[in-house]
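Engineer: Chains A and B supply the protein sequences, listed in that same order. Numbering of the first sequence is given in numbering that gives the first Met the number 0, commencing with residue 0 and proceeding in unit increments. Numbering of the second sequence is given in numbering that gives the first Met the number 0, commencing with residue 0 and proceeding in unit increments.
In case anyone wonders, no lab produced these hints; they're calculated from the structure. Note that the structure is a prediction, hence the values are computed from the model and not measured. One or more of the hints may lead you astray.
Claimed, not checked - Part of the chain B face toward chain A, derived, beta carbon under 7 Å:
#, residue
1, Y58
2, L60
3, W63
4, E139
5, S150
6, R155
7, A161
8, L165
9, T169
10, V173
11, L177
12, G180
Claimed, not checked - Sample of chain A residues with no beta-carbon within 10 Å of chain B, all distances over it, derived:
#, residue
13, L18
14, Y24
15, Y81
16, S82
17, H87
18, L103
19, D114
20, A125
21, D129
Unchecked claim - Pairs of lysine to any residue, SDA-like flavour, derived with a Cα cap of 25 Å:
#, chain 1, residue 1, chain 2, residue 2
22, B, K108, A, L105
23, B, K108, A, K55
24, B, K430, B, W461
25, A, K55, B, L198
26, A, K55, B, D204
27, B, K3, B, A41
All C-beta atoms in this analysis are idealised placements derived from N, C-alpha and C, irrespective of residue type, glycine included.
As a plain string of letters, each chain reads:
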Amino acid sequence: MSSVQSFSGLWAYWLIIALMMVGLYIVIARDNLIKKVMGLNIFQAAAILFYVTMAKVTGGTAPIVPHDPAHPGGHGGHEILYSNPLPHVLMLTAIVVGVATTALALALAVRIHGDYRTAEEDEAVAYDMDHS
Amino acid sequence: MIEKIVVLEVVLPLLAAPVCVLVRHPRLCRLFSLGVVALCFAIAVAVLLEVRGGGVISYQLGGWPPPLGIEHRVSTVNAYLLALVTAMALVVLSFDSRGGPPRVPEQRKHLYYAVFLLCISGLLGMTITGDAFNIFVFLEISSLSSYILVSLGGHRRAVLSAFYYLVMGTIGGVFFMLGVGLLYQVTGTLNLRDIAVRLEPSLDDRGTVLALALLVVGISIKLAVFPLHHWLPNAYSFAPPKVSAFLAATATKVSFYLLAMILFTIFGAPFVFEELRLQAVLLPLSILAMFLASGAAIFQTDLRRLLAYSSVAQIGYMTLGLSTANATGLAGGLVHLFNHAVMKGGLFLVVACLLYRVGSVHIDALAGIGRRMPLTSAALVIAGLSLIGVPGTVGFVSKWYLVSGVLERGWTAAAVLILLSSLLALVYVGKVVEVVYFRKPPETQPIDHVREAPFGMLAPTWVLAAAAVFFGLTTNWTYGVAREAAELLLAGGI
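The following block holds chain A by itself, in its conformation from the complex (with noise of 0.2 Å):
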């Protein structure tokens, strides 16, 4: 397979790499802990659209059983091709893990803008350099 080729064929992984490389470029970049809390949400982000991608099949629907009176609990003797509803599924809970995880974060930041008065882990250090 070409490079041009591995590449639009597999588009929405690269995507997903960049997406997941700035997330992890901003938490080791950026001082300000809130930001890298957003960093750790875009890393977290991009980790969940992977499973999603993973999820698709060509030309598949909603995997949702469509409501037929004529055949009860059926669909209608014809094919539907649905897409695989697991790993969406396992991203609800990954997206509970995220929100909890954020939140913890956060309330961390404001523990730590209370006792530090700063939300700059540059400053904090700092700080804790000086009253040592």
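Following the hints, position chain B against chain A.
Structural biologist: Same frame as chain A, but now just chain B:
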């Protein structure tokens, strides 16, 4: 009957946590959580007795058979971990810290026990579950609650350390989740045993190799494998000492189990250690951890920080055992899980005793404490000797099998390095013991008012110190089980 009981390991602490929130009475909550953990420990021991000799207990959650449903699956490997985690939780919770962490106001103390129980439940869940995504969920339950526990330390740095820990932990968690996603993409299943059967790892299959990389890096952050250990010294030295004792004794141990399970059961030793040659990375990193972290420990002036760096070094010994990929070495690594939990848990409880009576664990503040607190100091010496690996203590047992495993593999240089790194442990333990027993207290800070720690603190500390000697002399239980677990892992079973 025993198949049904196994699920209670997770369910009991998970349900007990909200009960603590409702009860709102700190002393009652403490007794209640102690009771729940004691029950979990009893179940873990019963389960371990049941599965020893190759038995397996499988519980299908909600009655859905695997691979579609989530399965809780216990063999010797994770029964060993269940017993370890519940035993350490029991000892640490029975430690009477006289009012709990200082930052928590009296009317919120009950929440501390709720979070503690959640953490235990997460750790037990990670150990017991047979479903890859379920591991991620429990991993996050235990991680989120341990960030909270760390942030309760008295110093303002505790909150900052908890924040670092959260950032690192979340990155590790997301890596793990991506790895699980790739495995699902390759095999189409989330059941661990089913993944192991369907996965045919090969170096040409980039998806599989990437999945392995993501899982190993993700878990290594949680395990604090050198050089991903940066969060650990801060988290352990600023957390409340009781929390440090618990996390040092359990959290990294469960991560080690996960790493071993991923490498041996899911990907299989032939692929990881013969085709991919992971030991080419794992062995140098383990040796670097042993030397650099022990070296860093020597220069610490705070006892907690010293112990935290020593933990990073000890994790190096465990991963060294893992990289030998033979039964003796792996059993050495697994038995070191238990041994390190006992001695490091004991040492952090000693720290808690010292903090309560002396008010500081700065090395200079401990001068001459050996005379004022003889029992606490004696526990410190016993656990310290064990950390060095003196014969008759648990530390010797693990180092003996690690060295044998490494020699079996033909790595003579690594065996020499293990022994040399023990000398570094001798230096940092010796430094503390010298100050505690032989140095005169400073005239500016008289220690005449310092008394021996109360019984409620001494008893759990001495249980661990005694265990460090007892299991150093009788190895049937620890090494016997670890050996069986190692052979099971090498055969690719769980």
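Engineer: Now, for every hint given, state plainly whether the structure supports it.
Structural biologist: Verification of the supplied hints:
1. A hinted interface residue such as Y58(B) counts as satisfied when its beta carbon comes closer than 7 Å to some beta carbon of chain A; here the least separation is about 20 Å, so the hint is violated.
2. Hint on L60(B) is violated. Least Cβ distance to chain A is approximately 15 Å, over the 7 Å limit.
3. The beta carbon of W63(B) is not positioned within 7 Å of any beta carbon in chain A (closest approach about 13 Å), and the interface hint is therefore violated.
4. Because the beta carbon of E139(B) sits about 5 Å from the nearest beta carbon in chain A, less than 7 Å, this interface hint is met.
5. For S150(B), the interface hint holds, since its Cβ comes within 7 Å of a Cβ in chain A; the closest pair sits about 6 Å apart.
6. Look at R155(B): its Cβ gets to within about 4 Å of chain A, closer than 7 Å, so that hint holds up.
7. Interface restraint check: A161(B) against chain A, minimum CB-CB distance 6 Å, threshold 7 Å, status holds.
8. Hint status for L165(B) relative to chain A: holds, with the closest Cβ pair at about 5 Å, below 7 Å.
9. For the restraint placing T169(B) at the interface with chain A, the shortest Cβ-Cβ distance is roughly 5 Å, inside the 7 Å limit, so the hint holds.
10. Against a cut-off of 7 Å between C-beta atoms, the interface hint on V173(B) holds, since the closest Cβ of chain A lies about 5 Å away.
11. The beta carbon of L177(B) is positioned within 7 Å of a beta carbon in chain A (closest approach about 5 Å), and the interface hint is therefore held.
12. The criterion of a C-beta within 7 Å of any C-beta in chain A is met by G180(B), whose closest approach is roughly 5 Å, and the hint holds.
13. Non-interface status of L18(A) relative to chain B is upheld: no Cβ of that chain comes within 10 Å, the nearest being about 12 Å off.
14. No beta-carbon of chain B comes within 10 Å of the beta-carbon of Y24(A); the shortest separation is about 12 Å.
15. Here Y81(A) stays apart from chain B, with its beta-carbon at least about 15 Å from theirs, past the 10 Å limit.
16. For S82(A), the non-interface assignment is confirmed: its Cβ lies about 14 Å from the closest Cβ of chain B, beyond the 10 Å cut-off.
17. Non-interface call for H87(A) relative to chain B: holds, since the shortest CB-CB distance, roughly 12 Å, exceeds 10 Å.
18. A beta-carbon of chain B is positioned within 10 Å of the beta-carbon of L103(A); the least distance is around 6 Å.
19. D114(A), annotated as away from the interface, has a beta carbon of chain B within 10 Å; the closest lies near 4 Å.
20. Its beta-carbon lying about 12 Å from the closest one in chain B, A125(A) satisfies the requirement of being farther than 10 Å from that chain.
21. Every beta carbon of chain B lies more than 10 Å from that of D129(A), the smallest distance being close to 13 Å; the non-interface claim holds.
22. In summary, the hint linking K108(B) to L105(A) is supported, as the alpha carbons are separated by about 22 Å, within the 25 Å threshold.
23. At roughly 47 Å between alpha-carbon atoms, K108(B) and K55(A) are farther apart than 25 Å, so this suggested pair is violated.
24. With a CA separation close to 22 Å, the supplied pair K430(B) and W461(B) stays within the 25 Å bound.
25. Only pairs whose Cα atoms come within 25 Å are accepted, and K55(A) paired with L198(B) is accepted, the gap being roughly 22 Å.
26. For the hint pairing K55(A) with D204(B), the CA-to-CA distance comes to about 21 Å; that is within 25 Å, so the pair holds.
27. Taking the CA atoms of K3(B) and A41(B), the gap is about 14 Å. The hint holds against a cut of 25 Å.
In summary, the numbered hints that this structure violates are 1, 2, 3, 18, 19 and 23.
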